[in-house]
Amino acid sequence: MRIECPICGSRDRREFYYRGDAIALARPAPDAGDDVWDAYLHLRDNPAGETRDLWQHEGGCGAWLVVTRDTVTHAVHAVELASDVKRAMA
Amino acid sequence: MVELKAQTPFGELLPLHIGDMTVAARDLGQLTVLGVFDRAGLSKALEAAHGVALPEPLQSTAEGDAQCLWFGREEALLVGPTPDEALAKHAALVDVSDGWAVAELQGPGAEDVLARLAPVDLRDSVFEPGDILRSQLRDMPASITRTETGFLLLVYRSMAATLVQELRRAMEAVASRR
Ligand SMILES: [Zn+2]
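If you're matching them up, the sequences are chains B and R in order. Under my numbering, the first residue of the first sequence is numbered 1, with each subsequent residue one higher. Under my numbering, the first residue of the second sequence is numbered 91, with each subsequent residue one higher.
Just some of the chain R residues that point at chain B, by a computed CB distance under 7 Å:
id, residue
1, Gly162
2, Arg163
3, Gln226
Derived by calculation from the structure, the hints in this document are not laboratory data. Since the structure is predicted, the reported quantities are computational estimates derived from the model, not experimental observations. We treat Cβ as the ideally placed atom computed from N, Cα and C, and that holds for glycine.
Assemble the whole structure, with the sequences as input and the hints as a guide.
Right under this line is the structure:
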């Protein structure tokens, strides 16, 4: 598996650290309530298909990335800087 | 007064000659990480003080004894001079001279040696003199630059002996097949 880092270009998977669902970029407000926080911290879909995950190019430039990929075909559809994604959410 | 002898992080481990290849320690002067706040301002200040522009990602710049290496996202490494005070307005400056071990690998087969250690394509068709990248040599985080004469390799100082061990093994394997 290879990931196209927006800064470094196409790199081997072993240079990347996997964090998990990109939901981590959508942290709820402190007073959002127990249900919202429970979902944010613990409840994850496990789709056979498209996922959006946070990866870090740890062995390269160090950037955090949002990788959209398919868990069935292993195709990587999109790689964005997490900072760009977060800014676009604001 | 005791006479202390200055040593590189590699001590007596380098230079190493295997086949027609050589690895030698390099003392390039002060190493300063520039944590960039303001790219344009920093590049201007760097040029004014040291004659080198802030490099684009995967590039390096050089002028005389001063080099500036791209060192990661919003990071560069100033190699050689003591940084001018004016740089501090545009970047966080951290002296890491004792934090990194610097060696140069030279000779026919150097590309084949690195192909055994790094998961990136470093052939001269895609990686030219002045090109730089951050990757890994085996499990060691590394900065790799192609120079006019070989490859400049930077790893954390604590990994200097491991770097020599890995290079030795790969160089012996490459030399035995030539
Ligand atoms: Zn990268």
